[in-house]
Amino acid sequence: MKKGIIILLEDLQELTRFTIDFFRQISKAPFEAKEFFKQSYFLGYNTLPLIAITAFILGLVITLQSRPVLVDFSAESLLPSMVSVSIVREIGPVVTALICAGKMGSGIGAELGSMKVTEQIDAMEVSGTNPMKYLVGSRVLATTFMLPILIFFADGIAFFGSFIAVNIHSSISPTLFLTDAFASLHFFDVIPATIKTFFFGFAIGIISCYKGYHSEAGTESVGKAANSAVVMSSVAIFIIDLIAVQLQQTFGFIKF
Amino acid sequence: MLKDKKNKEEIIDIKHLRKTFGDNKVLDDLNLTIHKGENVAIIGQSGIGKSVLIKCLVRLLEPNTGEIKIFNQNITPIHHDELDTIRRRIGFLFQGGALYDSMTVRENLEFPLRRNSKGMTKEEIEELIIDSLENVGLKEAINHLPNELSGGMKKRVALARTLILKPDIILYDEPTTGLDPITSKEISELIVKIQNKYNTTSIIITHDVNCVKIAANTIHVLRDGYISDSGTYEELIKKDDPWIQQFFT
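Sequence order for the protein chains is A and B. The numbering used here puts the first residue of the first sequence at 10, with every later residue one more than the last. The numbering used here puts the first residue of the second sequence at 3, with every later residue one more than the last.
Heads up, some of the hints might be wrong.
To be verified - DEER-style ranges, computed between Cβ atoms:
#1 A:Gly13 <-> B:Phe23: 18 to 26 Å
#2 A:Phe197 <-> B:Glu128: 51 to 59 Å
#3 B:Glu191 <-> A:Glu19: 43 to 51 Å
#4 B:Gly180 <-> A:Gln74: 55 to 63 Å
#5 B:Phe23 <-> A:Gln22: 28 to 36 Å
#6 B:Gly153 <-> A:Phe40: 31 to 39 Å
#7 B:Glu128 <-> A:Ile29: 17 to 25 Å
#8 A:Gly13 <-> B:Glu12: 47 to 55 Å
#9 B:Gln248 <-> A:Phe46: 51 to 59 Å
#10 B:Gly153 <-> A:Lys12: 36 to 44 Å
The set of hints was computed from the structure by calculation and includes no laboratory data. For every residue, glycine included, the Cβ atom is placed at its ideal position computed from N, Cα and C.
Same shape as in the complex, but just chain B:
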């Protein structure tokens, strides 16, 4: 596995990342490298800082210290205009979907396109919307409002909206939380399908062992503010660590 990684381009490189909220140290000297095309899962206890970590990657939260290199550019000191250019290459699937509830599914998907792809014709936009919805199997929901959709459908529409700008990296914040096991499995399989189709790099924040098993090819364990263990699913389940054992059983 290590040999494989060496040949691949580093797409995210985090060094000595530190994030605190008052006296509460959430991330402390966190180091992590992610290569192009990887599906990485970050697991850890609730409130340990997993979501904080991916929010730092798009600077929704500002890290205290440390360096975050994305596409070989350190994003921590750059201005917001420059940051927006990088953000456009990163998709973020929020825990609750974060669909704009005053807009229909079509408008939700149209919004990032209209904002970021100026000069596109109406037909081109429509084609991309249909294509994205077909990817998640929800073409029929195009004119629905978010409050008319189930939790799983909302997640899939949110995923379609994330995909519409063809991001190089997708960050999934608890993609299967609150969903039944069947829908969770569908979402996990969708993550793999997307990765295979678009060769995206993914970071999945999850508690769901099945999602980790299906979607991730590398797993990192976040504990006490840093990555304590890493490996594939098969490698991690063999570890003697009681917490890891408990998580996977």
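Chain A with its partners taken away, still in its complex shape:
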């Protein structure tokens, strides 16, 4: 137990150093724009189909599950509003981030892990290319900026799923559904939810890169790196979410 805590603390210390180094490297010119756009396209585009399917099912299921309760209270008309608030505020960002942690995190962890094991990172370093900037910088920035975009898409697709679910039992036009859904949404819901998605993306990127970059020799360690990248990123997402909710409730943010 004591040993486990020491290992965890040492890991966090190394992760902090790694994060500081990341900021130090990306603040220096030149910016790896080409690699950043390549990774953004690769990570974003490849994750989009998975996000689309899960978001559609998510919207559908939430609506179908919530409907009986609202029907009991004769408040079925509140279904679009309730679903939109829960998707935009909480479920959309968290579920999408968790899927991205699985898809992107394992991909980055395994890729960098395998590059480390086969000395590709060392080869890059000795040829005068800074791998921290080229590999880590571009991937962390890509996940940080792609996650909010993916979550935006996911929310939209979940709305569509919800619209379909509402229309299974009753009939509502898309315009009325969207009017109801957006009527109950405020900037107070959207802005904090959007801000935290950048942190989700950053956590996925930095943890996955850290795990891959520090994987030990041997093929087994590549699997371990990918696995722990997903686990640690998922835990980090919940911790960030908890902090975000606490901050939102403590400071109230600016109500628009």
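Following the hints, position chain B against chain A.
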């Protein structure tokens, strides 16, 4: 041989190098001088610290103490930006080739060029890639991915990538390990060909006696963390030392 060396420029000068991993002392008070144009082989038992030594030369591993002078500059205290300038003049052939597996052979060779030779035209880059691949006899593999190449071909492509920046020093980490005797001989001859063509200085880490025989003009024996014996192949085989005798037979 000594007289020859005195006239040549010292290109690598290592003094009192020490490297430990925890309690494990790998390099201890190691001193070594290498002159321009030399092909040096470093031999020793597995796990004795040969690869650690060449990784310290490019600071992939940080030495604990000691001085490493390359091109008359002590590289141990310098900042990474300054170190990168020196690294660009040093080629490193990794044991497994370390080819970027998501890139084709062309892209593997293009990568260091694009990163280090800004302002080169597409035609100039293409010409250098073809030239480097011709040097290693693998022009036809230009559009292949590393996983489509054999072990020997990977080593040759890696060598072409190392050569593309026209380094002054090339560090070979076990260049013939895992290869059949014929391919090993080809790689060893290629090392000599490159040295003759570009007048590079080479350090070869190897266990392969034939590679040492073909490619090295000076051999250093690494034992207990320091260079215990040095000389040409002919000089070393005459030594009474049982380990050296065993190695060469």
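| field | Violated constraints from the hint list, given by number and in increasing order | value | Going through the list in order, the structure violates hints 5 and 7 and respects the others.
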